Amino acid sequence: MSDARLARVRRLLAEEPRQDTDGESAAGVLSRQCRALSRAVAARGVAVSVVDAERLGVPLATSGPQVAELEEMQFTLGEGPSLDAHDSRRPALEPDLAGHGRAIWPAYSDVMLERGVRAVFAFPLQVGAARLAVQAIYLSDGTPFSAQSLLHALDFATLGVETLLAGPLDGEPGTGVVNVLGNYSEVYQAQGMVMAQLGVSLADAMVRMRAEAYCLNISLSELAGDIVAHRTTLEADPVDGAAPDA
Amino acid sequence: MNTLAEHRLAEVFVEIADTLVDEFDLIEFLQMVTTRTTELTSVSATGLLLADPRGDLVFMAASDESVRLLELFQVENAEGPCQDCFRTRTPVVNTDLDHAQDSWPLFAPRAVALGYRSVHAFPLRHHSAVIGALGLFGATSGRLSPSDVRIVQALADVATIGLLQERTIRRGLVLAEQLQGALNSRITIEQAKGTLAQLRGVTVDEAFRLLRSYCRDTGRRLGDVASEVVTDPASHPDLTRAG
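Chains A and C are the protein sequences, given in the same order.
What the first sequence shows, in the working numbering, is residues 58 to 303, in sequence order.
What the second sequence shows, in the working numbering, is residues 479 to 721, in sequence order.
A few chain A residues that face chain C, going by a derived Cβ cut-off under 7 Å, partial list only:
{"hint": "1", "residue": "Arg146"}
{"hint": "2", "residue": "Arg147"}
{"hint": "3", "residue": "Ala186"}
{"hint": "4", "residue": "Leu211"}
{"hint": "5", "residue": "Ser242"}
{"hint": "6", "residue": "Tyr245"}
{"hint": "7", "residue": "Ala247"}
{"hint": "8", "residue": "Gln254"}
{"hint": "9", "residue": "Leu259"}
Hints listed in this document are in silico derivations from the structure and should not be mistaken for laboratory results.
It should be emphasised that the depicted structure is a prediction, and the values quoted were computed from it without experimental measurement.
All C-beta atoms in this analysis are idealised placements derived from N, C-alpha and C, irrespective of residue type, glycine included.
Next comes chain C alone, as it looks inside the complex:
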């Protein structure tokens, strides 16, 4: 990482700290972390998965929220770098996808088909537990430097802090409350994508872009708008009206 990137890194941490001060939308926050991770490390895409209380890894946010990337992350519930990282509680870095077919017979060919050559995964750590993983996909077989590795782990730790927004953790049950809430918000966003795709006659990927930019333009939180769109589409006519 050069000096310019270091300057950018400082900006990113200031941006994150600013976000955590106010009441914020968790999914939007996690998406910001994945976008900034992608920018800082020059990978092609980053995604974040959380473990539900059953131990399943569930997709939460990505720097590029396309159907194809979502599908790839869904495979991670069975196998892949994030799954390995989650199970071993340690980062999985600089894995060359061309040589990963044996380890991940489902995951590796799909990732290669999407144009990725390398993958990395970092644990979201909370005390001794791992509550999820950050997955990075590179279009080249380029490696993360030791300083990149430290920076991405720091970003993963920041994502954990955002997730556990209540500063005092009450008997571990708060974590279960937060995770269940986050998993359900994610479902609501998928429902809103479908609703908008139908109403606007666009793809679900395009529907998500419309939803994002509408939230940005109006200063509204992603989770709130998604929920309102599915319960009462007429409440956001500028977003839900066709044409």
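For reference, chain A alone in the conformation it holds in the complex:
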């Protein structure tokens, strides 16, 4: 993320008051991010849900209780943008539920329209094949979704990925994985290698790499370069505390 965009996301988060219910868990941090994004794009609400292999979804965090109810609808009905975004591994952006949306999700679109929701935009929170969750933005009638809104949505999706991968490393949002998720092939290659070597999931492999980079006080891309070149091997047991091979 560029400095300007990082600054903007941080400002939006800072302006968003904490709530007692947030807590320190990933879900609590995500709830605040949902509220900040919802405010930034003037949405009815924002929700982040986990979708499993059977396409069953569970809301993990929402900007408010009414959105939780909206979000549940697509999992009850078995159709909707978050499910499509999960399946296709790309955003499902529907600005017109009454038109195009109805043709692809007839039952879901009717239920949303009855509740005054005219547009839904769903973004997968993912790193390659590691699908972590889906972020959905609900808009009421007459609210435009601008190019700026799209950038906000993508930035908060990236932030959501970071939060789900064990949060920012130094407590400042946007400093962890966000800066390297973008253009560094080696980070993803190393992630695949660590996954195969340790027999963990792709997401866990990234969590391990981030923790290791933090411990060694080097950047994630630097660590990734070492892993790919076999200069560093992560140990199987993280609590062992053994130093990595030089």
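Knowing the structure of chain A, use the given hints to seat chain C on it.
Showing chain C alone in chain A's frame:
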């Protein structure tokens, strides 16, 4: 371009048209475009970069997918012919790398170190927007002829068509969906390269060759196999088994 090359060009466009008819793997398609561009123009290597919605140029495919070429393309996010082409929306052709150190202090020395002498870059155009760039590297300081320039731009346009496979573009948002999907497929392929490198005890470059030839032999799509390899390596034992 001589008559033989013209005949080959016709074949290439037929091949591309055939690909676009069926459901196809986008990365594999883009790689075919880069390979054919390299063959038709006698350059050494061709790569394709896409702009993500943030305006960053991200590597998608190359005729020679080696670590060293990937690194060179990653520099393009900061500076280089593709970056210039993306920003100015016009082709950058026949640039002599020996005289490009001032314009591209990061990019030019690296490209020269890899044995390249000339570079060219062509925009991937969609209406008035530019969504990416095709970069060509030559081992000699040879120039592209005016007809070569037209042909490469046509190939770049074809790549754009493949990218925007849904014929009717719905409010520009489809483009954002497609690009995000393509960028994520690219990440999945890198993850699969790493997974295979670890499981087979080979380099990531060799891992990609294994992945490609396995897909060719089995008629499977690159993106699908890459995704399956990282989520369940045992699902492709012939590919993931060591030795």
